[in-house]
Structures are given as structure tokens and as C-alpha cells.
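Undergrad: Given chain A, work out where chain B should sit, using these hints.
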Amino acid sequence: MKRIYLDNNATTMVDPAVKETMDPFFCEMYGNPNSLHSFGIEVRSYMKQALDRLYAGINAGDEDDILINSCATEGNNTVIKSAYFDGVLNTGKKHFITSAIEHPAVSNTFHFLEQLGADVTWLPVNLDGIIDPQALRDAIDPDRTALVSIMWANNETGLINPVDEYASICRENGVKFHVDAVQSVGKIPIDMKKMQADYITFSAHKFHGPKGIGGLYMRKGCTIIPLFHGGEQMAGLRAGTINTPFFIGMGFAMELAVKNLDYETVEVRRLRDRLEDAILQIEDVEVVGSRELRTPNTILASFRGIEGEAFLWDLNQKGIAASTGSACASESLEANQTFLAMNIGGELAHTGIRFSLSRFNTDKEIDTAIEVIRGAVKRLRAISLTSDKQYI
Amino acid sequence: MGKNDLIGGALWEQYSDKVSHRMNNPKYMGEITQEQAAAKKAKLVVADYGSDACGDAVRLYWLIDPSNDKIIDAKYKSFGCGTAIASSDVMAEMCIGLTVDQAVKITNIDVEKELRDRPDKAAVPPQKMHCSVMAYDVIKKAASIYKNVDMSSLVDTEIVCECAQVTLSTIKDVIKINNLTTVEQITQYTKAGAFCKSCIKPGGHENRRYYLEDILRDTRTEMEREKLNSGPEFKEFSELTLIQRHGIVQRAISESILPMLNNDGGSVEVVDMKDTGNGVTEIYIRYKGTCAGCAASHTSTYEMINSTLKDKVDKSIRVHIL
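In the order they appear, the protein sequences are chains A and B.
Residue 1 is where the first sequence starts when you use the working numbering, and the numbers rise one by one after that.
Residue 393 is where the second sequence starts when you use the working numbering, and the numbers rise one by one after that.
By construction, these hints were calculated from the structure, which means they are not laboratory data.
Treat each hint with caution, since some may be false.
Stated by the list, open to error - Below, simulated PhoX-like cross-link-like pairs (lysine-lysine); rule was C-alpha separation at most 20 Å, straight line:
| no. | chain 1 | residue 1 | chain 2 | residue 2 |
| --- | --- | --- | --- | --- |
| 1 | A | 318 | B | 410 |
| 2 | B | 702 | B | 666 |
| 3 | A | 2 | A | 364 |
| 4 | B | 593 | B | 704 |
| 5 | B | 419 | A | 378 |
| 6 | A | 259 | A | 19 |
Next up, chain A with everything else stripped away, as it sits in the complex (with noise of 0.2 Å):
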């Protein structure tokens, strides 16, 4: 059976490209780039060009900095817990503000913080599904506040927060800004010298680069206390011996990102909008968000009487992947956060089904899809009480 990818927010497959550029740093260019011999010095034009190319794809300034760490996840975690630390170490301030649909990489760290004794304002969507701005100009204090962090694309809905008028709201205040950017890189243009955000945190496998690798984007003069302490690696700020292959081939996803970028603004969303013309078909589902909100490879649709796990099912005994946040699908049990705070009936959270594009996606794959859809939602209907909800 040919399987069809349609999860490309939960991970991405490695760009066959990508991956022949990481080749020779495992048995050829393996040196460790702190060493003083060939070994070292040779693989250090390589990551040289690799960090060129992060910097071009984000537009970063030559002063500012991208520190270079395992994966998005510890980029949130750095940021957030270094604006902690410094609160007990230098300024006193532990208010932070964040919003409602967070990563768990975002909210599970100051959930922890809380723990600790820092006040985090949790800001809630309004009906577009993205955080108003003047809930966050309502909710900052110069004086007490410390960090705000919203992120940039929800990955459950695809929408997009306007990130830049947060950073000006948190420049005017003089509040430091941080946003993750995991499901924006490749999706949307991301220019940091328009969008004012003083840290931005980014993993390159959301973008066909592989796992474990990821950046920390650091306006010029900002800094961080480490998050990891131990060697000089990336000027102390985060030690570890860096994954030199991955790193090298983030750089190069990167700069494919970029330049598909076109691509997917065009082709992708066109896939994606056909995907989702032939869903809306179908009585009683509805997508999630305005379709010029999103970022252009993002469906979350509800399908009325279908619990999201058996859909996952049978879409998989077909082949075809995408994702779910339903309570019954988790270890926990929990319904997804992102689902509860949408607020969107309560069914959502039962019934939220998200497909995901990525380039490689084709004509054909929609088609396959699009009919393998339409045959689970009549084999589970027929299963399920579609037709009256008043069962208690």
C-alpha cells in the first residue's frame, strides 16, 4: 500500500537533498569543530556557510545571533527559563505573558515556572482564533513584566498570530519578546528585521531538515543565561558539542524552505484548498479558522458524530496520515489545549482532525485522500448516533 504523508506539522520528511548534504560529516568531515587539527578546521567552512544561510533565510542582522541547539523545545525553554533566572538573579520581575494555545514546549515550561512562584498571564483567542493585541497591551506592565511569548502559527490550526504588533506593544513597553516560530519557517516569509521580536526559536525538521537540530534566533543585545552549562560551543550560551551534520543540513533546508517558498504559498495552499473544498462537501464538518489566516498547508476540521482516534484509524488501515488532538487519543487522556481554548463547541475537542501539507504532496495524494475521507466518514457514521447528540 502507498502511504500518503499528511502530518507535516507534527514532523517533515528530510529533503533527500538535505540529507546528501549531510552525508560526508559522519565517516569523512567528522571532526569535532573545536579541535585545533584538519579535522576540525575543515568541517568550520561548513558550518560556516550553514549559519549564512540561516541568517539569510531569516533576514537576521550580521550583529545579531543564532545560537545553534537541539531542537525547538529547548530554544522555548532556554528563553523562558532565562528571563526567569535573571528575574531572581538581577531585576526582580517574574510576570510573564503567554497565550492560551502554546506548544506544551511553551506552556508545560511555565507551568513549571508557576511552580517556582512566577505570575504568568495566560492571554485567551478571540473568535478568529488568534490572540487580540489588546489583550496583551491590557495585560503588560514595564514594571513588572519580564517576557512575553506568543507564538507565531498555531500548529493544530494553522493560524497566524500578528506577531509584529506584539513586538512593537512589548518595544513600546520596553518588554523583551519572544515567539515560536516552529510552524512559520517555510510556510510564511519571516524577516526579522521587519518583525521586531527579540528572540524567535525555530527546529529543522518542521521544514525538511532532520531531528534533534534547531535555532535560537537573539536580537543584538539580547542575550540569555545558559540553559546547558559546560564548554565554549556556541560562545558559552549553549555547550554541548554541536551536531555538526544536522546542523549543516539544517542550513541547507533552510535555504530550500526559502526558496520554496513560493511554492508552497501557491501549490501547497492549492492542494491544501482543493483537500479542503472536497471536506466542506461533506454534511456536517467545519474547518477551523479563515483559510487567510492560516499558514497555507493547514486544515483542522471537525466531522460531526466522529470521534478524531477512530477517524485516525481508519484513515491509517488506508494508509494515510494525519493527526489528532481528541482526548482518547492521548496518553493522558487530556483533551488538546489548543482544542479547549478555541472553544469551538465542545465537540472539537472530540472530533478536531488536522491534515497537514508539505511540498511533496501531489495532485494524485489529494485524490487518494480525498477519497479515503469521504469512505471513513460513511463506514463511522453509520457506526455512530450522527443524527441526535441528546443521548444523556
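TA: Quick look at chain B alone, frame taken from chain A:
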């Protein structure tokens, strides 16, 4: 933990082949109409049951021969995940051929066992155990409709842990007999709380009437009282010495009151206790931390402390704030 926990996401790998098979090919899915019932001169029962735990819902159809109460056919509809559908399917099958009274005895454990590939290997991972509970509940509902009685009359005892079907009296007995002091021990002894975990404390995916934490605390307090009262004659609270009373009050405060106050950075201490001689025990408390000076400390917080002590210790208590 274990390797599966470290890798994570192993949900479907833990389903038995029977679960997969039932999910892919449900045999008893469907409806039974009044016309079909009339044609067979049988009584149709339609029972709906919804779980607020996971938002799942199931509707069970029974065709019953009124002459001998035998279930001659069963079907169901299910809004739920794969394991809920598989559990409903096997539950419907198990009902057929039984009398209503026999069917009521089917437990969720029976349903889960029926879905096992091997007798010693669970059919579903722990957090999915409660899917089979719905199958069990809907049988009770159907039987109560057929017998025209209240559903609660068919449940003999208070179930604390639905997943493992552990009753309140079992848990209390185990705590007392084995002198248990932690929730983990209760789980080791009874399996209560080992599966979906929502009976351990409030805030799980399901609201419960009883939580293991509360049962443990209340049973321990009960045991303290029993120990103090185990002298030659039973003594009322007001008949105990002030030191004995202080011990009981202090325990109630640290177990039932302090956790709530500590959450908000506050605390309270007992400064003095007096016996007024007319059966009333006066307790003088002082707020500490954020409670001191808090606007609610003389209203809702005070009410909470007063009513908790009256409730958990003795009605004769009067609380005063210093």
C-alpha cells in the same frame, strides 16, 4: 516507566488483534426497529449512555422475549474511539442469549477479557480501560428501562474506581487492615487508580464522587478517632482531653485546610484551644502568609475553615480568628 513510556505514542500497538478486528469489522453495529420487534413479538429496549469522561456515547438496542426475559438480539450505535466501538461490539454479542438478570452481571472487566488475544495480556492499554466501562454502564441502563426501576438500584455498592471496579468499602477496609498511608499503596493493593487515574484526585478527565486522596485522608482520620476512642468506653470529642482534641484538629487542618491555603501562599496556625464547659470547643487561629490581611480571611476562608472542622472533626467546634 519502561521502554514504551520512553518512546511514547504506542497506543495502537497495545490494542489486541481482537480489538483491531472488531473495530474494522463490527458485527453488531446497527439499530433494531419497533417493527422488527413487533414481528418477533418481542420487547424492544433502547438505552443511551454517555460518558462525560471522554465525550463518548453509546446506544444499546435489546430485543427481549418477555416470556423468559431472554435477550434474543442486540445491536448498538457508538460515538467513540476504536476501543469504545470494539467494546460495544463485543458487549452486544455477550448479551445475546442471556436473561436480563444475567446480562446485568457482565462487568467491564468481562468485556475487556473477551477482547484479549491471550488470557494474560490486556486487550487495551491502561488509559483505555474506561472505554469498556461505558459498555458496562449501558447494560445497566437497558436493564433498568426494561425492569422500570432506577439505574442506581442495580448497582449494589459505591464504585470508586470504574476501571478496576473497586468499591468504596473495599478501599476503606484495605486502608484500615493494612494501615496504608499513601495513594500508591492503595493502588498496589486494589488496582484502584491504576488505569485512567481520574479517581485519584479531582482534575482528571472524569469527575468522580469519591477520590482516593479524600478516602485515604478521611479513613486515616477515622482510624485516629477509633484509636483514641478504643479505650474502655467511647468518648465524645468534647470528652477528650484538650491535648487529644488538639491532635485531631491539627491533623484535620494539615490534611484538609493547609493544602488549599498553601496554594495561594497562605497558611494558618492554631494558637489556643479552650473548653467552655458546655460541650463547646473554642479554637483560636491566626492567619499567616498571604492569608493575613486577605479580604476573604474573615469571610469565605473563615467559612471554609469553620465548616471543614465542624465537618471533619466535630460539630461542637467554634473557630475564632485572632
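Undergrad: Could you run down the list of hints and mark each one as holding or not?
TA: Taking the hints in turn, this is what the structure says about them:
1. Of the supplied pair hints, the one linking residue 318/A and residue 410/B holds, its CA atoms being roughly 19 Å apart against a limit of 20 Å.
2. With a C-alpha separation of about 16 Å, the suggested pair residue 702/B and residue 666/B falls inside the 20 Å cut-off, and the hint holds.
3. Taking the CA atoms of residue 2/A and residue 364/A, the gap is about 12 Å. The hint holds against a cut of 20 Å.
4. For the proposed pair residue 593/B and residue 704/B, the alpha carbon gap of about 18 Å is at most 20 Å, so the pair holds.
5. A C-alpha spacing of about 17 Å is found between residue 419/B and residue 378/A, which places the hinted pair at or below 20 Å, so the restraint holds.
6. Note on residue 259/A and residue 19/A: the hinted pairing holds, with a Cα-Cα distance of about 17 Å set against a maximum of 20 Å.
When the structure is compared with the earlier hints, no violation turns up for any of them.
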